[in-house]
Amino acid sequence: MIRTEALVKRYRRCEALSGVTLEVPPSSVFALVGPNGAGKSTLIKILLNLVRPTSGRAELLDTDSTRLGASQLAHIGYVSEEQKLPGWMRVDYFLSYVRAFYPTWDETLAGELVRQYGLPARRRLRELSRGARVKAALAVSLAYRPKLLLLDEPFGGLDVLVREQLIESIVDCTPEATIFLASHDLAEIESFATHIAYLSDGRIEFVEEMPDLAARFREVEVTLDSPEPLPQPWPAGWLNTEQAGAVVRFTDNHYDESRSREEVRRRFRAVRNISAREMSLRSIVLALAKSRRTTCA
Amino acid sequence: MRLMLHTLRKDARRLWPAAGVTWLMLAVLAHADRWRADWIPSPLEGWMNLLLPLAWACLVCLAVLEEPLIGDRDFWMTRPHRWPELLAAKLLFSTLAVQLPLLLAEIYILAARGFSPAAYFPQLLWKQALVFGAVILPSLAIASVLRNFTQFVVAVLLIAAALAILNGGFETFPVFTRQSAALRHTLEWLVLAAGALAVIWMQYASRRGLPARLVAAVAAIAAICVSTLLPVRAEYAVPGKGLRPAPRISLGTWQIADIPQHPMGSSSVVASVPITISGAADGYTIPMVEAEVILPDGTTFRSTTPNGTVSADTVLVVSMDPWPMFATVRGATFGPPGRLALRLSANAWERVKNVPVRIRGSMAFEFHRTGAATAIPSDKGVFVAGVGRCTSSVVQSLLSNDMLKVLCESPDPLPETLVTLRQTIPEWTWERRLNSAYTLSRGPRQTWLSPLYRGQSFFHLTNRVDTVPGGRWLVPETYLATLRIEVAPQLNTGHALSHFDFANVRLAR
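Listed in order, the protein sequences are those of chains H and U.
Quick note on numbering: the numbering used here labels position 215 of the first sequence as 215, and the sequence is numbered without any gaps.
Just add 297 to the spot in the second sequence (first one is 1) and you have the numbering used here.
None of these hints come from the bench; they were simulated from the model.
Some clues are possibly wrong.
With a cut-off of at most 25 Å between alpha-carbon atoms, the simulated SDA-like pairs for lysine to any residue come out as follows [unchecked claim]:
#, chain 1, residue 1, chain 2, residue 2
1, H, Lys84, U, Leu312
2, H, Lys147, H, Glu208
3, H, Lys84, U, Asp371
Taking CB as the label site, the calculated pair distances span [unchecked claim]:
#, chain 1, residue 1, chain 2, residue 2, range
4, H, Arg12, U, Thr483, 54 to 62 Å
5, H, Arg3, U, Leu526, 47 to 55 Å
6, U, Ala491, H, Arg67, 21 to 29 Å
7, H, Glu242, U, Leu511, 54 to 62 Å
8, U, Ala457, H, Arg67, 49 to 57 Å
9, U, Leu487, H, Ser27, 50 to 58 Å
10, H, Lys84, U, Val450, 38 to 46 Å
11, U, Thr447, H, Asp185, 48 to 56 Å
12, H, Arg12, U, Ala457, 27 to 35 Å
13, H, Pro120, U, Ala334, 27 to 35 Å
14, U, Trp423, H, Val8, 47 to 55 Å
15, H, Gly87, U, Ala309, 14 to 22 Å
16, H, Arg12, U, Leu487, 45 to 53 Å
Some chain U residues close to chain H (C-beta under 8 Å, calculated; not the full set) [stated by the list, open to error]:
#, residue
17, Lys307
18, Ala315
19, Arg331
20, Met374
21, Arg376
22, His378
Ideal Cβ positions, reconstructed from N, Cα and C, are used throughout, including at glycine.
With the hints as extra help, turn the sequences into a complete structure.
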C-alpha cells in the first residue's frame, strides 16, 4: 500500500530524512512514532507529494508519490494537526463542498459522523475549537471511505475522551483501509496500531508488528546475592542499565524467556531472582530514546 | 467541467464582497468617463485608472489564494483537484468578476457618448485582451508563487509604483515628445507573458515553487533588459523598412556661429548643429532622434529617451529644438535654419566644445498627408472621417479667460489632427493641432481603461479685434458667430528611418 526506498530529504544543511525504507502492508494500522523533529511529518508530506524528496522514492496505491493525481487522491484521506482548513466555510457547506470531489462519498456516513462528533452545522470552521476542527477534518476524510488514511499527529492536545471517540470512529468507518499514523503520543497508538516504526533523527530504527514488539521487549530486574560490578562486555541488547546495590535493572530488547534467563545467570556470579515485566509501548519507546541519549560528562 | 463550476461557485460565494468593491469602483470610473468632455481626466477618474487595476489584481490574487500553490499545509492540496479545472475556475472567475463588468461598462460609455458598441466590438475585445495581459495574467502568475495576500500587496505596490514612475503617471503636464514605445512595450509584454504562462503552468501542473520563482525572476530581468537595451531606432526600423525612400540628412551649409547656444541654467548647454533634410515628398514629423557625439579620444555621449529620472550630468539628450515640447517639425515649415539641438551637461560641454567631434545617429520620419477637412457646427458634434466625433464649446481657462475648445473623441487612436478656424471677412485663419495645448491637472492622467481616445485644441478668445491676423493665440470673440471650424486628419502615409554621420563638427561658436 505504501512503500519507500532510501528516502532522503534535505533542507539546506539539515537532513530531515536519511534513507528511509518502509513497507506498509494493506489493511494495517501502521504507526510511525518518534520524538518531535524526527521527520515524521516530512515523511507523510513526501508520501502526499506536498514535499519533494531529495532522493529516493515513495509509492502509494502503486503510484509514485511525485505522480499522485486526482484519481489516487480520491482514495486517500489526510488529517494533520497543522492542516489549514478554509476557516470561512460553515461546517455544512464545508462538507457539501468537499463531497463533490469524491465519487465514493457516503452521505449517510457523513451525516452520522457530524451527529456523532456533535459538529455545529452552521458554525464557521474558524469559530470551532481545535478539537471540533479536527473532527470536521476527520469527518470529510472518512465520509468517502478512503483506501488509505494518513494521519499526522491528529489528536495532539485533545482530551482522552475525544481521542478515544475519534479513534473508535476511524476504526469503525474504515475497517479495510490502511491507516498510516504519525505520532509522538504513544498512548493514542497503542490501542489500535498493528505495526509500528520508530523514526529517530530521520532514520528508521525498527519496523515491527506490535505483538512482536511487545514480546521482544521486557524490563528485566536481576536480584543478586550480593552487589557485584557489572560484567563486561555488556550485551548491546540490554539497554538503560541501572544498578542499586544487589539489584540490576535493564531493558532487554531481544527477550526470550529461556535464553535471556540463561544469559543473565551466565554473566552474574550469584543470581537470587530474575523477573521480566511486559512493557507498554510508551515504556519501550522511552527506553529506546533513553538508550540513544548522550550523557553529559 | 463539473468541478470547475463547483470551485467557481465556491470562489464566488467567498469573494463576492471583494468583487462588489471593484464593481463599485468601475461604476464610478464609468460614470466619470461617460461625462468627461476633456482629454485630461478628473483626479477621481485618473486615480480610478490606477486603483481599479490594483483592485482587480488583488481580487485575482484572492481567488488564487483560495487554493494557494505555495506551502504544504493547505487543506485543498490533498484533495482530488484536477489542475486544468482548478486553473479554468480561476480564469472563469476573473472573466466574470473583472472582464465582463469592464466590457459592460465600456459598452455603456460608448453608447452614452454616441458610438455604436457593435461597430467598435474589435476595439472592445482588444481592450479585454489588454486587461487580461496586463492585469489578469501577471496577477495569476505572481499570486501563484507567493505565500499570502500581504506578500502579493507588497509586490504589486512595488511593481505599480515602478511602472507609474517609468511611464510618467504622476507628471502634472502631458509630455508631447514621448517617443513611440510600441515595439518596446510589445516585446516587454511578450517576455513577461511567456514568463507568466510558464509560471502558471509550472505551479498549477506540478506546484514547483522554487523553479517557478526562478522563471519569474528571469522573465522580469529579461523584460528589464529589453526595456533598457532596445535602441529607440528599433521602434521605427520595422515600420520604416522599405516602404518609403528615406530622406537624406546632411550637415547644413550655414555657419555654426549663426546658430545660438542656449545655456539651460547652470547645469546644461544646448548646442546646435545645422542640418538639411531633403528627399521627403509629403509633410512629415520626426518622432525620434537618436545621436552619438564621439570625441577624438573615442569617448562617446549617447542620447537617451528623455524622462524625469535620467541625470543630465551623465547623458546627452537630443531634440530637434531646444524646447522638447515643440520638437515636432513639419516638412512644410522645416528649413534653414534647421538644426539638431544637443543638450549636454555642463561637464560634457566642457569636453566637447573645443574639439572636432563626430556626430552620428538616426531619425525616424512619419509621413503625413492632410485629409479632407470637415466643418463642425458650433452647437453640436459631428463625425469627422478618420478622426472621430468632434465638438466645439466655449469654456473658461483657469484664469477665467474664455477659450474655444474643440474636442474630438474616438474608440480608435486619434491621428495627428489639424484644427483650423477660418474667418472669411476679413480672411483670417488660426491653426492648432489636437493636444498641442495642455490642461493643468492634479493626480494621475493615464486613462488606459477608457474605451475612448480624446484630443482637444484651445483657441484663446479676446474682446479685441485688432489682433494680428493669423496670430496663433487670440481669436476675437465677435468672430465666433461667423467662424468656420474645420477638422482635418493628418493621414499617416508611411514611415522611414534615416541615418546621419557628420565628421569633424565643431560645436563651439
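Unmet hints by their number, sorted upward, for this structure: 4, 8, 10, 11, 13, 16, 18 and 19
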